[in-house]
Amino acid sequence: MRVLGDGRRGGERGGQALGGGGIRVIGVREAGGNLPRVDGPRYPGADRAAPEQGHSPHRGRARAAAQITLRIAARLAARCAWRGKANDFYQGDPARGGVLNDLIRQAVASKERVVGSLGRCDEILEEARRRWTAHEAPRDERPGTLGVDGSCNSISYQGVELWAATAVAATPDGRREIVIEPRMEVGRNPSLHDTMRRMEAEACARASEIAELVLVDGSLRTVFIADDEASRNEVMRLVRGNETRIIFVSKTSEVDFEFGEMGSVAGDMWYYGRAGGEAGFSRPLAKRAPRSSAQITSTYARISRDAPLIKIEMLGGGITERDVRSLLARLAAQCAGGYPQALRQAHNLCTVTGEDMARIVPFLGIISPVGARAVLQ
Numbered sequence: 016m017r018v019l020g021d022g023r024r025g026g027e028r029g030g031q032a033l034g035g036g037g038i039r040v041i042g043v044r045e046a047g048g049n050l051p052r053v054d055g056p057r058y059p060g061a062d063r064a065a066p067e068q069g070h071s072p073h074r075g076r077a078r079a080a081a082q083i084t085l086r087i088a089a090r091l092a093a094r095c096a097w098r099g100k101a102n103d104f105y106q107g108d109p110a111r112g113g114v115l116n117d118l119i120r121q122a123v124a125s126k127e128r129v130v131g132s133l134g135r136c137d138e139i140l141e142e143a144r145r146r147w148t149a150h151e152a153p154r155d156e157r158p159g160t161l162g163v164d165g166s167c168n169s170i171s172y173q174g175v176e177l178w179a180a181t182a183v184a185a186t187p188d189g190r191r192e193i194v195i196e197p198r199m200e201v202g203r204n205p206s207l208h209d210t211m212r213r214m215e216a217e218a219c220a221r222a223s224e225i226a227e228l229v230l231v232d233g234s235l236r237t238v239f240i241a242d243d244e245a246s247r248n249e250v251m252r253l254v255r256g257n258e259t260r261i262i263f264v265s266k267t268s269e270v271d272f273e274f275g276e277m278g279s280v281a282g283d284m285w286y287y288g289r290a291g292g293e294a295g296f297s298r299p300l301a302k303r304a305p306r307s308s309a310q311i312t313s314t315y316a317r318i319s320r321d322a323p324l325i326k327i328e329m330l331g332g333g334i335t336e337r338d339v340r341s342l343l344a345r346l347a348a349q350c351a352g353g354y355p356q357a358l359r360q361a362h363n364l365c366t367v368t369g370e371d372m373a374r375i376v377p378f379l380g381i382i383s384p385v386g387a388r389a390v391l392q
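Residue 182 in this note's numbering is what sits at position 167 of the sequence shown, and the numbering runs on without skipping anything.
Be aware that a few hints might be false.
Unchecked claim - Cβ pair distances, simulated, as ranges: (1) D155 - I240: 44 to 52 Å; (2) R190 - G113: 24 to 32 Å; (3) G332 - E370: 38 to 46 Å; (4) R145 - P323: 16 to 24 Å; (5) S341 - R145: 18 to 26 Å; (6) L115 - R289: 33 to 41 Å; (7) R340 - R144: 30 to 38 Å.
These aren't lab readings, by the way, just hints derived from the structure by calculation.
Here a beta-carbon is modelled for each residue, glycine too, at the ideal position from N, C-alpha and C.
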């Protein structure tokens, strides 16, 4: 990609200013490439004749500042280019590129304040390290693992709504072992996610009959928070007696059960993620489930060094570190990038995208009206 900037501030067609001084950026650095080269003045006032003798410290500082500005802009440009939005950053789109520049400046200026607002961060990080058990899990190559995931989506126009939901159970190598027949209906469904959860529960029930280990995408706690009592009871029925066979795995979590009393303002996972990069797991913690007397035991784990954290939840309060070690050995044998392949494959196989919904609509002939307005740019 080749982008020209003439240094003018109005976001004219030639490009948008990156700090003034007539700087022209030629080229956007792609991933792994070099920084753009610079044409024209490198610092404010460089287009004027330099003094014949002597050296001004202001000139050196200005030049250094301009070079730093250029480097920052180049890195931002590379990131924008990777996202397919380089034109918004460099070329004549003041409504979008200008807002991005303003937000970046605010983010840089607010960094110290934001970090300082995270409470007793150092103290909490030290406590997180104390609760962490370093553990490089051996690979347990036993087969018999299935990942369960569900998906739902909807599209509407002037009150007419089309929704769809499905759930699958997949093997780590990408084979769809169980497919819950997708449902598609026209009409509003305020409990669409509950519909999806019931389908996930059905897939989980069928998977538990043929698999030794069933991994379910998402948090077990959300099952109890949901208003759908039927799916909640079904999950309880399935998991009881299979506490170490049916496991819930999450990529993110916002709960603060562990460090909330220490004044944390972020979730527990945020602190564990910054406490170090060692493989291992946190001390298993049992908490009462919402709307139930049941206990949910959770632990944060990292399958390999510097891999992303995952949160593991199991029903019951009697889960031990030995159970966690055994589970991590099973996961280590089929993880890619720190995440279980069975769940990754289930997600890829079941996802109902907005594009999928848009492709279905023409066959129904209910949402795309004659004379619809063009999408605003």
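Verification of the hints:
no., hint, result
1, D155 - I240: 44 to 52 Å, "32 Å, violated"
2, R190 - G113: 24 to 32 Å, "50 Å, violated"
3, G332 - E370: 38 to 46 Å, "44 Å, holds"
4, R145 - P323: 16 to 24 Å, "22 Å, holds"
5, S341 - R145: 18 to 26 Å, "24 Å, holds"
6, L115 - R289: 33 to 41 Å, "27 Å, violated"
7, R340 - R144: 30 to 38 Å, "19 Å, violated"
Checked against the numbered hints given earlier, this structure breaks hints 1, 2, 6 and 7; the rest are met.
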